[in-house]
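So the protein lines, in turn, are chains A and B. When you line the first sequence up against our numbering, it's residues 16 to 129, in that order. When you line the second sequence up against our numbering, it's residues -6 to 105, in that order.
None of these hints come from the bench; they were simulated from the model. Treat each hint with caution, since some may be false.
[What the hints assert, rightly or not] With a straight-line Cα cutoff of 20 Å, these simulated PhoX-like cross-link-like pairs (lysine-lysine) come out:
| hint | chain 1 | residue 1 | chain 2 | residue 2 |
| --- | --- | --- | --- | --- |
| 1 | A | Lys70 | B | Lys104 |
| 2 | A | Lys18 | B | Lys49 |
| 3 | A | Lys18 | A | Lys72 |
[Stated by the list, open to error] Which chain A residues face chain B? A few, computed with CB under 10 Å, are given here:
| hint | residue |
| --- | --- |
| 4 | Leu26 |
| 5 | Phe35 |
| 6 | Gly57 |
| 7 | Asp74 |
| 8 | Gly78 |
| 9 | Glu117 |
[Said to hold, decoys possible] These stretches of chain B come out as covered by chain A in the derived footprint (C-beta under 8 Å, 3 or more residues):
| hint | region |
| --- | --- |
| 10 | 12 to 21 |
| 11 | 30 to 36 |
| 12 | 94 to 105 |
Beta carbons: idealized from backbone N, C-alpha and C, even for Gly.
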Amino acid sequence: DVKVTQSSRYLVKRTGEKVFLECVQDMDHENMFWYRQDPGLGLRLIYFSYDVKMKEKGDIPEGYSVSREKKERFSLILESASTNQTSMYLCASSPTDGSGYEQYFGPGTRLTVT
Amino acid sequence: GESVGLHLPTLSVQEGDNSIINCAYSNSASDYFIWYKQESGKGPQFIIDIRSNMDKRQGQRVTVLLNKTVKHLSLQIAATQPGDSAVYFCAESYTGGFKTIFGAGTRLFVKA
């Protein structure tokens, strides 16, 4: 089974802090994604990566950056956390072997910025 | 995807009944559609998918119907069980899966 793990389930940070959210997948997937999930808004794509050191902006990249130095690891960085970044953050991965486009999600990190 | 709002649409069904969850998608270029299930405290999990060249696909107790004419997708769950209680998301995808748009979700309650 595909396993996507996220470094923390719950995180509380102060406004202005630099925050790192880590994601690791064990299925050698090429693609990795970071979403935020807010009530009633579904999942919104922040950034994705289709290869090591490659990244593409999603729909809401402002205030975030990402890093992918190894295939299995995709990090989301909040350079200076703000209260409007309080949310659930979901990492996902998917293969590019043409079998389908379904994404495999981690359990999520609930981030609170005070 | 589904209309965006602050409150999730909800569906309440009796255990053993069939459930139908609907979704309107937005992009005519989408060629792949997926239903995900998200249980409390977990990330979304894949349930079933359908490509745009099909109009129906069946899985175990689930059926997805696709109507491209009106850009409508539905998920039917047969003999709904308490374990089916969750939030269900439809998703549409194109450009080889790099762009996936998720709906806002529908919360399914199953009454025992």
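Original post:
Taken at face value, is the distance from the CA of A/Lys72 to the CA of A/Lys18 at most 20 Å?
Top reply: 24 Å, violated
**OP:** With a cut-off of 10 Å on the beta carbons, see whether A/Glu117 makes it to chain B.
**Re:** 4 Å, holds
Original post:
Taking 10 Å as the limit, does the beta-carbon of A/Phe35 come near enough to a beta-carbon in chain B?
Top reply: 19 Å, violated
**OP:** Take the region 94 to 105 of chain B, compare each residue's beta carbon with every beta carbon of chain A, and decide whether three or more fall closer than 8 Å.
**Re:** holds (count 4)
**OP:** Report holds or violated for the interface hint on A/Gly78, using the least CB-CB distance to chain B and a cut-off of 10 Å.
**Re:** With a closest approach of 20 Å, the A/Gly78 hint is violated.
Original post:
Quick one, are A/Lys70 and B/Lys104 close enough, alpha carbons at most 20 Å?
Top reply: 44 Å, violated
Original post:
Holds or violated: A/Lys18 with B/Lys49, Cα cutoff 20 Å?
Top reply: 29 Å, violated
Original post:
Does the CB of A/Asp74 sit less than 10 Å away from some CB of chain B?
Top reply: Given a least distance of 9 Å, the restraint on A/Asp74 holds.
Subject >> Assertion that chain A covers the region 12 to 21 of chain B - criterion: three or more residues, beta-carbon distance below 8 Å >> reply: Contact hint for the region 12 to 21 of chain B vs chain A: violated, 0 residues under 8 Å.
Original post:
With a cut-off of 10 Å, does the beta carbon of A/Gly57 approach a beta carbon of chain B closely enough for the hint to hold?
Top reply: 4 Å, holds
Subject >> Evaluation of the interface hint that places A/Leu26 against chain B, nearest CB under 10 Å >> reply: This hint is violated: A/Leu26 lies away from chain B, its Cβ roughly 15 Å from the closest one there, beyond 10 Å.
Subject >> chain A over the region 30 to 36 of chain B, status - at least 3 residues with CB closer than 8 Å >> reply: holds (count 3)
In summary, the structure is inconsistent with hints 1, 2, 3, 4, 5, 8 and 10 from the numbered list given earlier, while agreeing with the others.
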